[in-house]
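Colleague: Sequence:
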Amino acid sequence: MDSIEHIPQPVKIVFDHVEYEYEKNDTQWTVSIKKSAAHLKHEDHLAVLKVPEAHFLPANYEVTEDKLIFNYAIQRPGYTAKEMQDLGTVEKLKAAVNVLSFSDLTQFPYTFFLHPENVYFDYNLIPAVAYRGIKEQMPPMEMNQEFLLRNVKCYLISLFSTEYRFEDLYAGNLETVTGNDFINHIKSAGSMEELALYIKPLYVQKAAEEEEKYQKVDKKKYKWSRQLALWFGGAVVVSLAALSYFVFIRSPFQNRLLEADSHFVQNNYTEVISTLNAIKPEDLPATQKYMMAYSVVHGQSFNEEQKQVILNNVSLKSDVNYLDYWVHIGQGNYEEAIDLAKKIGDYDLILYGIAQIREQIINNPELSGEEREQQLSQYENQYEEYNEERNAILEEETEAN
Numbered sequence: 418m419d420s421i422e423h424i425p426q427p428v429k430i431v432f433d434h435v436e437y438e439y440e441k442n443d444t445q446w447t448v449s450i451k452k453s454a455a456h457l458k459h460e461d462h463l464a465v466l467k468v469p470e471a472h473f474l475p476a477n478y479e480v481t482e483d484k485l486i487f488n489y490a491i492q493r494p495g496y497t498a499k500e501m502q503d504l505g506t507v508e509k510l511k512a513a514v515n516v517l518s519f520s521d522l523t524q525f526p527y528t529f530f531l532h533p534e535n536v537y538f539d540y541n542l543i544p545a546v547a548y549r550g551i552k553e554q555m556p557p558m559e560m561n562q563e564f565l566l567r568n569v570k571c572y573l574i575s576l577f578s579t580e581y582r583f584e585d586l587y588a589g590n591l592e593t594v595t596g597n598d599f600i601n602h603i604k605s606a607g608s609m610e611e612l613a614l615y616i617k618p619l620y621v622q623k624a625a626e627e628e629e630k631y632q633k634v635d636k637k638k639y640k641w642s643r644q645l646a647l648w649f650g651g652a653v654v655v656s657l658a659a660l661s662y663f664v665f666i667r668s669p670f671q672n673r674l675l676e677a678d679s680h681f682v683q684n685n686y687t688e689v690i691s692t693l694n695a696i697k698p699e700d701l702p703a704t705q706k707y708m709m710a711y712s713v714v715h716g717q718s719f720n721e722e723q724k725q726v727i728l729n730n731v732s733l734k735s736d737v738n739y740l741d742y743w744v745h746i747g748q749g750n751y752e753e754a755i756d757l758a759k760k761i762g763d764y765d766l767i768l769y770g771i772a773q774i775r776e777q778i779i780n781n782p783e784l785s786g787e788e789r790e791q792q793l794s795q796y797e798n799q800y801e802e803y804n805e806e807r808n809a810i811l812e813e814e815t816e817a818n
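Under our numbering, residues 418 to 818 are what the sequence shown spells out, in order.
I should point out that these hints are in silico values taken from the structure, not numbers from a laboratory.
All residues carry an ideal CB built from backbone N, CA and C; glycine is no exception.
A hint or two may mislead.
What the hints assert, rightly or not - Capping the alpha-carbon separation at 25 Å, the derived lysine-lysine pairs in DSS-like fashion look like this:
1) 759 with 697
2) 552 with 484
3) 451 with 552
4) 734 with 697
5) 630 with 509
6) 759 with 724
7) 734 with 467
8) 429 with 499
9) 509 with 623
10) 760 with 734
11) 623 with 499
12) 451 with 467
13) 429 with 467
14) 734 with 458
15) 724 with 760
16) 552 with 429
17) 509 with 499
18) 467 with 697
19) 467 with 552
20) 484 with 458
21) 734 with 759
22) 604 with 623
23) 458 with 724
24) 484 with 452
25) 452 with 734
26) 452 with 429
27) 734 with 484
28) 484 with 429
29) 724 with 734
30) 429 with 451
31) 467 with 452
Said to hold, decoys possible - Distance ranges between label pairs, derived from CB positions:
32) 782 with 521: 42 to 52 Å
33) 817 with 759: 15 to 25 Å
34) 451 with 505: 35 to 45 Å
Using the sequences provided together with the hints, build the complete structure.
Modeller: Here is the structure:
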């Protein structure tokens, strides 16, 4: 079996009129596209591509003057596109079953395509997509079940028949392709569910036939073959027990992160806050922490000039305490936010936090009139104290200049 070359070998492919350049080695794939091919609303939106997802290779990115460059980590050994072509029928069917799990992804903000050079299979034949974009911002601009179904059909036919290339099939040859029963079934399927109903039983059938073939060897090879049959039979049992195509287990926590990503790229900032509101700031990954902070600032009653000044300081590179401050504000944890503001040494943030507590006290129906007066008095004194300190510092700075 050939291994991936250690020296990167550039490969250029064109999908839907966009050129992608791939460089691959044993530990990393790099994919670059022209910056002009994307229509990013904000470069920080690229951060959603770094969110861990079982169907995707781990990603980092770099933005240059004219290119978007993406680096994908290869964490487990696997097959090249050519090696996938050389696999046996049962192994290819197992890969096909696993590819069907991508149907879950159309609900999320990602877009991708299934050119053989863009899909990595580890030795367990678990697939992961390399390049992916953001709906309406990066190519391919849209992602729906019809688009995905065409991609899957083209990928499967090109996997099982060297006569057909993915790009030619996708460009129009899919409608005119002819072949054996397998190709005809794939071509005519009207949905991912229909593909699954055909491919899953076929895989189980072929795997069972393969197992039976191993069981019929002569006694001299019995011991070794029995081990093989047991191993292979176990794989079939696992497939039957699953009773569906390969599905990656995604935790509710990760689902919530992906949901927030989807809301964020659509500028639904209220939904971002609602989705992430129950997660402690220390448990939020850096990307979602930034998204939450950005969304919270958008939801505050600042005028546009004030809002823009604050947002200029909210980025993936911001001090984590600054981001945590706004996350706490969004979650109504004002005391924690004030503590962070003191740690940062920002009087404006301290005063804003105290103002939020005052507002909370005023609107708390569970407080008696006396309790409300006492608490308001306490925080009004704090506000005056910090405001005096702030003004004194500003005066000193003015005199120094």
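Colleague: Please go over all the hints and tell whether each is borne out by the structure.
Modeller: Quick rundown of the hints versus the structure:
no., hint, verdict
1, 759 with 697, "20 Å, holds"
2, 552 with 484, "19 Å, holds"
3, 451 with 552, "17 Å, holds"
4, 734 with 697, "20 Å, holds"
5, 630 with 509, "18 Å, holds"
6, 759 with 724, "21 Å, holds"
7, 734 with 467, "14 Å, holds"
8, 429 with 499, "16 Å, holds"
9, 509 with 623, "11 Å, holds"
10, 760 with 734, "18 Å, holds"
11, 623 with 499, "22 Å, holds"
12, 451 with 467, "19 Å, holds"
13, 429 with 467, "23 Å, holds"
14, 734 with 458, "18 Å, holds"
15, 724 with 760, "22 Å, holds"
16, 552 with 429, "23 Å, holds"
17, 509 with 499, "12 Å, holds"
18, 467 with 697, "20 Å, holds"
19, 467 with 552, "15 Å, holds"
20, 484 with 458, "16 Å, holds"
21, 734 with 759, "20 Å, holds"
22, 604 with 623, "20 Å, holds"
23, 458 with 724, "18 Å, holds"
24, 484 with 452, "4 Å, holds"
25, 452 with 734, "22 Å, holds"
26, 452 with 429, "16 Å, holds"
27, 734 with 484, "21 Å, holds"
28, 484 with 429, "15 Å, holds"
29, 724 with 734, "18 Å, holds"
30, 429 with 451, "13 Å, holds"
31, 467 with 452, "18 Å, holds"
32, 782 with 521: 42 to 52 Å, "44 Å, holds"
33, 817 with 759: 15 to 25 Å, "24 Å, holds"
34, 451 with 505: 35 to 45 Å, "39 Å, holds"
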